[in-house]
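Visitor: Sequence:
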Amino acid sequence: MYNALNLKDLMWRCGAALVLAAGIAAMTAGQAVLADEAKPDAQAQTEPNKDPLEPVNRFTSGFNRAVRGAILDPLVDGYQYVTPAPVQSSVSSFFSNLTEPVTAVSSLLQGDTENAGNATGRFFINTTIGFAGLSDPATDMGMAQRREDLGQAMAVNGMDTGPHIVLPILGPSNFRDATGDILTGLASPVPLAVQAGGGAVTYSTHQDDIHAIERSAMDSYVTEREAYEQNRVFEVNNGATGTGNFPTLADEQRPALATTPQ
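Using the numbering used here, you'd call the opening residue of the sequence shown number 328 and step up by one each time.
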């Protein structure tokens, strides 16, 4: 339903360079797998390939799991151990508040002036009387948060998801959503830094759930992919089901656990 790493432009550009380098390494390694892939059978040739980058994506997904186990999980465990729960809640609220400007712009691009105004109001209230976003008085005032991003805006304006992509470190995405993130980053590195930091906080919150899903899944890559794509359809439709021309999943394609960590 899945930040402040930004030491100005220099840190963002350095981080982007590292991610790009890791991506090149992953794709290079994946080429060897692609070369060994058997030709699809007759039935497969009649169906569109929904995941043409699967061999590369599987390699990158495995790389990400290794990084989580070796680096991120120990850091998260340490953070949870030394940080009181109220402080963790304040950190989560801080990063959540910083997403409001992107929500406002993305909502306007969808013609959703109501949510754009709501996001603007939330940002003003939480930044002022919420002490820089460390608390969320706007929600208590009845201004519920509904996040939007450029990927959602492009979907509403008719852009297809494109191929599924697993980004090094950053995790699952697709061509449309990655394009939206790149455009956001070109406008300012701050939103992507916020997204990265917020993702780390969200992972901290749902770490146990994520591991439980990975352990119970017959194929953790397929579970991760389908959970991401289903969740994005849910977000694009603002929680509605069966609306729009967005792709839906056949029953046999759904993961064993349908709950998607947010």
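Because the hints were derived from the structure by calculation, they are not lab data.
Be aware that one or more of the hints could be misleading.
[As the list claims (entries may be wrong)] Heads up, simulated SDA-like pairs for lysine to any residue below, C-alpha to C-alpha not over 25 angstroms straight-line: (1) 377 - 543; (2) 377 - 517; (3) 377 - 532; (4) 377 - 561; (5) 377 - 535; (6) 377 - 567; (7) 377 - 515; (8) 377 - 467; (9) 377 - 534; (10) 377 - 489; (11) 377 - 508; (12) 377 - 527; (13) 377 - 550; (14) 377 - 455; (15) 377 - 466; (16) 377 - 497; (17) 377 - 564; (18) 377 - 459; (19) 377 - 528; (20) 377 - 513; (21) 377 - 486; (22) 377 - 392; (23) 377 - 525; (24) 377 - 464; (25) 377 - 533; (26) 377 - 514; (27) 377 - 566; (28) 377 - 547; (29) 377 - 496; (30) 377 - 389; (31) 377 - 531; (32) 377 - 524; (33) 377 - 490; (34) 377 - 397.
[Stated by the list, open to error] Ranges between beta-carbon positions, derived for each pair: (35) 401 - 466: 20 to 26 angstroms; (36) 473 - 392: 42 to 48 angstroms; (37) 416 - 473: 17 to 23 angstroms.
Where a beta carbon is used, it is the ideal one built from N, C-alpha and C, also for glycine.
Visitor: If a hint holds in the structure, say so; if it doesn't, say that too.
Guide: Hints versus structure:
This hinted pair checks out: residue 377 and residue 543 have alpha carbons roughly 24 angstroms apart, not beyond 25 angstroms. Pair hint residue 377 plus residue 517 does not hold up; C-alpha atoms about 32 angstroms apart against a cutoff of 25 angstroms. For the given pair, residue 377 sits about 31 angstroms from residue 532 by alpha-carbon distance, which is inconsistent with the 25 angstroms threshold. Between residue 377 and residue 561 the CA atoms are separated by roughly 19 angstroms; this keeps the pair inside 25 angstroms, and the hint holds.
Proximity of residue 377 to residue 535 is assessed by CA-CA distance (about 30 angstroms); at most 25 angstroms being required, the pair is judged violated. At roughly 23 angstroms between alpha-carbon atoms, residue 377 and residue 567 fall within 25 angstroms of each other, so this suggested pair holds. At roughly 32 angstroms between alpha-carbon atoms, residue 377 and residue 515 are farther apart than 25 angstroms, so this suggested pair is violated. A C-alpha spacing of about 42 angstroms is found between residue 377 and residue 467, which places the hinted pair above 25 angstroms, so the restraint is violated.
Between residue 377 and residue 534 the CA atoms are separated by roughly 28 angstroms; this puts the pair beyond 25 angstroms, and the hint is violated. In summary, the hint linking residue 377 to residue 489 is supported, as the alpha carbons are separated by about 9 angstroms, within the 25 angstroms threshold. Restraint check for residue 377 and residue 508: the C-alpha separation of about 21 angstroms stays at or below 25 angstroms, so the hint holds. Distance restraint check for residue 377 and residue 527: the Cα-Cα separation of roughly 28 angstroms exceeds the 25 angstroms cut-off, and the hinted pair is therefore not satisfied.
Of the pairs offered as hints, the one joining residue 377 and residue 550 holds, with about 15 angstroms between alpha carbons and a cut-off of 25 angstroms not exceeded. The hinted pair formed by residue 377 and residue 455 fails the criterion: a straight-line CA distance of about 46 angstroms is larger than 25 angstroms. Under the criterion of a C-alpha separation no larger than 25 angstroms, the hint pairing residue 377 with residue 466 is inconsistent with the structure, at around 39 angstroms. At most 25 angstroms may separate the alpha-carbon atoms for a hinted pair to count; residue 377 and residue 497 meet this at roughly 21 angstroms.
Distance hint between residue 377 and residue 564 is fulfilled; the C-alpha atoms sit about 21 angstroms from each other, no more than 25 angstroms. A hinted pair counts as satisfied when its Cα atoms are at most 25 angstroms apart, and residue 377 with residue 459 does not qualify at roughly 43 angstroms. For the proposed pair residue 377 and residue 528, the alpha carbon gap of about 31 angstroms is over 25 angstroms, so the pair is violated. For the suggested pair residue 377 and residue 513, the alpha carbons sit about 28 angstroms apart, so the restraint of at most 25 angstroms is broken.
Simply put, residue 377 and residue 486 have alpha-carbon atoms about 16 angstroms apart, close enough for the 25 angstroms limit, and the pair holds. Of the pairs offered as hints, the one joining residue 377 and residue 392 holds, with about 23 angstroms between alpha carbons and a cut-off of 25 angstroms not exceeded. Straight-line distance between C-alpha atoms of residue 377 and residue 525 comes to about 29 angstroms, which puts the hinted pair past the 25 angstroms bound. Proposed proximity of residue 377 and residue 464 is contradicted: the alpha carbons are some 43 angstroms apart, above 25 angstroms.
A C-alpha spacing of about 28 angstroms is found between residue 377 and residue 533, which places the hinted pair above 25 angstroms, so the restraint is violated. Using a Cα cut-off of 25 angstroms, the hinted pair residue 377 and residue 514 is violated, with the two alpha carbons roughly 30 angstroms apart. A distance of roughly 23 angstroms separates the Cα atoms of residue 377 and residue 566; the hinted pair therefore holds under the 25 angstroms criterion. Between residue 377 and residue 547, the direct Cα distance comes to roughly 17 angstroms. Compliance with the 25 angstroms bound is thereby established for this hinted pair.
Distance restraint check for residue 377 and residue 496: the Cα-Cα separation of roughly 23 angstroms lies within the 25 angstroms cut-off, and the hinted pair is therefore satisfied. A distance of roughly 20 angstroms separates the Cα atoms of residue 377 and residue 389; the hinted pair therefore holds under the 25 angstroms criterion. With a CA separation close to 31 angstroms, the supplied pair residue 377 and residue 531 exceeds the 25 angstroms bound. For a cut-off of 25 angstroms, the pair hint linking residue 377 to residue 524 is broken: about 30 angstroms separates their Cα positions.
Pair hint residue 377 plus residue 490 holds up; C-alpha atoms about 7 angstroms apart against a cutoff of 25 angstroms. A C-alpha spacing of about 31 angstroms is found between residue 377 and residue 397, which places the hinted pair above 25 angstroms, so the restraint is violated. Separated by about 33 angstroms at the C-beta atoms, residue 401 and residue 466 break the suggested range of 20 to 26 angstroms. Remark: the range hint 42 to 48 angstroms for residue 473 to residue 392 is contradicted by a beta-carbon distance near 31 angstroms.
As the Cβ distance of residue 416 to residue 473 is approximately 20 angstroms, the hint placing it in 17 to 23 angstroms holds.
Checked against the numbered hints given earlier, this structure breaks hints 2, 3, 5, 7, 8, 9, 12, 14, 15, 18, 19, 20, 23, 24, 25, 26, 31, 32, 34, 35, 36; the rest are met.
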